[in-house]
Amino acid sequence: MTRYLLTRLGQALVIVILVTLITFVILHLLPGGAARAILGKEATLQQIAAFNHEMGYDRPLWQQYAMYLQRLVQGDLGYSFQLNQSVAEAISQRVPKTMLLSLASTLLAVVVAVPLGVVQAVRRNRWPDYTINGLSLLAYATPIFFMGLMMIILFSQVWPVLPPEAPQGFTLAEVLADPAGLVLPTLTLAILTVAVYSRYIRSSMVDNLNENYVRTARSKGLSEGRVIVGHTLRNGLFPVITLLGMYLPALFSGALVVERLFNYPGMGLLFWQAALKRDYPILLGVTLLISVATVLGALVADVLYAAVDPRVRLKAGRS
Amino acid sequence: MGTRTRIVCGVVAIGLALTACSAGAGGSAQQSGGGAQGTDTVTVAFRTPNWILPISAPGFTQGENEIFSTALYRKLYSYKLDGSSPDNVDPERSLAEPPAVSDGGKTLTITLKDNTWSDGKPITTKDVQFWWDLVTANKDKWASYKPGGFPDNIDSFKVKDDKTFSLTTKKAYNAAWFVGNQLNRIVPLPQHAWDKGDAKKTFEELTAASKDPKSYATNPLWKTNSGPWKLQSYVPSGEVVLAKQDTYSGTDKPKLNKIVLRPFTGDDAEFNVLRAGQIDYGYIPPANLSQKAYLESKGYKVAPWYGWSITYLQLNFNNPRTGVLFKQPYLRQALQMLIDQPTISKVIWSGMAAPTCGPVPAKQGSPAGQGCAYPFDPAKAKQLLESHGWKVTPDGQTTCADPALCGEGIAKDTPLSFTVTSQSGFAATTKMFAEIKSTMAKVGVQLTIKEVPDSVAVTPACKAEESKCDWDMSFFGSQGSWYYPAFASGERLFQTDAPVNLGSYSNPEADELIEKAQFSADAGALQEYNDFLAKDLPVLWMPNPVYQISAYKSGLQGVEPQDPMNLMYFQDWSWKS
Chain Y
1 MTRYLLTRLG QALVIVILVT LITFVILHLL PGGAARAILG KEATLQQIAA
51 FNHEMGYDRP LWQQYAMYLQ RLVQGDLGYS FQLNQSVAEA ISQRVPKTML
101 LSLASTLLAV VVAVPLGVVQ AVRRNRWPDY TINGLSLLAY ATPIFFMGLM
151 MIILFSQVWP VLPPEAPQGF TLAEVLADPA GLVLPTLTLA ILTVAVYSRY
201 IRSSMVDNLN ENYVRTARSK GLSEGRVIVG HTLRNGLFPV ITLLGMYLPA
251 LFSGALVVER LFNYPGMGLL FWQAALKRDY PILLGVTLLI SVATVLGALV
301 ADVLYAAVDP RVRLKAGRS
Chain P
1 MGTRTRIVCG VVAIGLALTA CSAGAGGSAQ QSGGGAQGTD TVTVAFRTPN
51 WILPISAPGF TQGENEIFST ALYRKLYSYK LDGSSPDNVD PERSLAEPPA
101 VSDGGKTLTI TLKDNTWSDG KPITTKDVQF WWDLVTANKD KWASYKPGGF
151 PDNIDSFKVK DDKTFSLTTK KAYNAAWFVG NQLNRIVPLP QHAWDKGDAK
201 KTFEELTAAS KDPKSYATNP LWKTNSGPWK LQSYVPSGEV VLAKQDTYSG
251 TDKPKLNKIV LRPFTGDDAE FNVLRAGQID YGYIPPANLS QKAYLESKGY
301 KVAPWYGWSI TYLQLNFNNP RTGVLFKQPY LRQALQMLID QPTISKVIWS
351 GMAAPTCGPV PAKQGSPAGQ GCAYPFDPAK AKQLLESHGW KVTPDGQTTC
401 ADPALCGEGI AKDTPLSFTV TSQSGFAATT KMFAEIKSTM AKVGVQLTIK
451 EVPDSVAVTP ACKAEESKCD WDMSFFGSQG SWYYPAFASG ERLFQTDAPV
501 NLGSYSNPEA DELIEKAQFS ADAGALQEYN DFLAKDLPVL WMPNPVYQIS
551 AYKSGLQGVE PQDPMNLMYF QDWSWKS
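Residue numbers (the working numbering), protein chains in the order written: chain Y, 1 to 319; chain P, 1 to 577.
Okay, chain Y solo, but in the shape it has when bound (with noise of 0.2 angstroms):
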């Protein structure tokens, strides 16, 4: 097993390093240079040329990748010119607050999504899966902006229980501090994920109710609720382990759509903004941690893979 995640930590971190060479050379191949998107159109050339000196731009392009890992290993992401902050501090003032939105969404999408799927897939074929699969398929097909939009005329304007907007402190306690703003961006967020997951389960158990195993609990006299939930849903939770597993890297991304909609300065917005300026250090910056974040998401999945089921560590024992 040590073998085993040495073996894919050491393949994660060449994906990452080729991750953050392929951004570089992209980002560097953009139309328009970074000095005159930041300093404007009054820029003079001397300024100009000051800029590129002074941000390493005036050398040739292996130089400036050669630096930005030598910065890299030191821990130095570099210092945001547009924001007038080191891209470390950007990035640390936003991911706790993307991560509290992501994880608060998600938890509240899997805590809906597994039982809605269960109900489906016992009911299969009846009017509750037919109401939820019609209510899932709306929520899946409405668009996220349009979503926000909607609880936001609703839920603030017509009906005025909740603020329009996300929770504006600085520090994550002052974040927690307003819960009411968090209740819409989460629920804009979960709406969406309790529609793909429910999916996800509602097939998975169906599949697994199927099974000869379900069978003989069935006629070795367990109750229905136990065979459902002690055996089949154990089970079924495969799908939502991989899903979850592929979800990491949007807990560091973040939702572009809510944040701006709901005016949560998080980590889609950095990135999306950062990427209309020319931002480089920005850019590469958080494409690292979300690198970084896929490639853990996966092996997160493995391991859980792992724990739920113990054919896959049998194997991974074996190898």
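These aren't lab readings, by the way, just hints derived from the structure by calculation. Honestly, I wouldn't trust all of these hints.
SDA-like, lysine to any residue: derived pairs with alpha carbons at most 20 angstroms apart [stated by the list, open to error]:
#	chain 1	residue 1	chain 2	residue 2
1	Y	Lys41	P	Val420
2	P	Lys450	Y	Ala275
3	P	Lys442	P	Pro375
4	P	Lys106	P	Gly149
Fit chain P to the supplied structure of chain Y, relying on the hints for placement.
Just chain P, lined up with the frame of chain Y:
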């Protein structure tokens, strides 16, 4: 309890919890005699400023930094463009009396009024000298510095006494130009609190402190102010709170205790919060202008903020393919006659734009679009093209049929087809170019619209042989292309090789008139320059949108008139009692 009952109970419980924790959170929009946060505070939608040192660094010249800086540090001169005072100097807000001009226009003697820093020390010529020493020693790091410009154009800076100093220029300038466009940069700085003896070292330290936004509210450096406000709290990329400066020595004392500057992640977020009544001063994104009546019914006053600005479509005279076309005056005139500025302003911009006719902005309130040299006239444009040897093919492709008439360097069968690099993210701009494209197609002029997030970055001034010189036309005027300082002269825009002459327009006669407006005492020089360029079309004039469509709670007084040079004077604001 069955499974179904349990689920229903769960859903009800979550719903109750959400309602409970949200009680009182929203919807408390309308309060009389005060705003979202009470009667002594105003909440303003405002991008987070990210530069505090009143000497702006390249890349930090955004409007929010200017407003923030002016709230904390008064400039030597403030301006108002209502024509009520000589050279537009605002006598109330300025730290000095208007300059006395002598020596044939070369020497300006300036006397400071009696004012103090927030720590009680008087503001003296030492503070002006300190600013002067910092910028002259570090001019390459100052955003406003252009080689040959201020302070290179100053022969000597002399301090006479604590209250009086003088500047002698190398050449005699038009006083209105010098006062409006050069003296506007001077900001007396607290020498007693900041000076470390060496101008370079001091500047380095101040810059380093300005590059550390998270310490803005705590660093003692920024606590000695001359402005009506002091910084109470600052969150990088977040909320900024300004508090009334109790020891402010100016006559325009703040009437409120606190100004909360709240940034928004985008127009949608800002508008949702505005609709919910949770900010006192915000703006209506142009795409949402249809909801003006709704906001008014919610107690907001909607006020377009007119800028001292012009808007234009930049033509690249150096483009190796289309530059020869743009160099033909008749062709520029024909293209201009295909832009229906009055209708676009009225219909597409919903009246929140007005035609630009020349390089000097029209005075606010003057009849829009009247007297443009080349008003919308497709028939005349067609005739003009045909008379210059073009075979006009309506809804097809107009081509040059007679190169002798088309003009120098234009080959037979050259098509009239251009690519416009425009701004993405502005619905009205997209619609405007769709309209122009369709009108131009009617006389066979083909426009291709390419929208990019930052059109200025990809359409730099260039030489014909450079690969980046392949752009034809560039538009970056969704909020106005160019905002002028008090004196609207063209030395930065239309003079040969001027810093913002992105299209490399060059005309010796225009250069001469620009010089004249800058250097001669002739009051009519600016008008002469305007009349010439309005006709010569260095760019295509386009509808000039308002800076923003402001919306503020109707109980808030003193917001209007909004400064056409985009500053905000929060000290004038108060709640109706």
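Verification of the hints:
1. The straight-line distance between the Cα atoms of Lys41/Y and Val420/P is roughly 17 angstroms, inside the 20 angstroms bound, and the hint therefore holds.
2. For the proposed pair Lys450/P and Ala275/Y, the alpha carbon gap of about 18 angstroms is at most 20 angstroms, so the pair holds.
3. Among the hinted pairs, Lys442/P with Pro375/P is consistent with the structure: their alpha-carbon atoms are about 17 angstroms apart, no more than 20 angstroms.
4. The suggested pairing of Lys106/P with Gly149/P holds, with an alpha-carbon distance near 15 angstroms, which does not exceed 20 angstroms.
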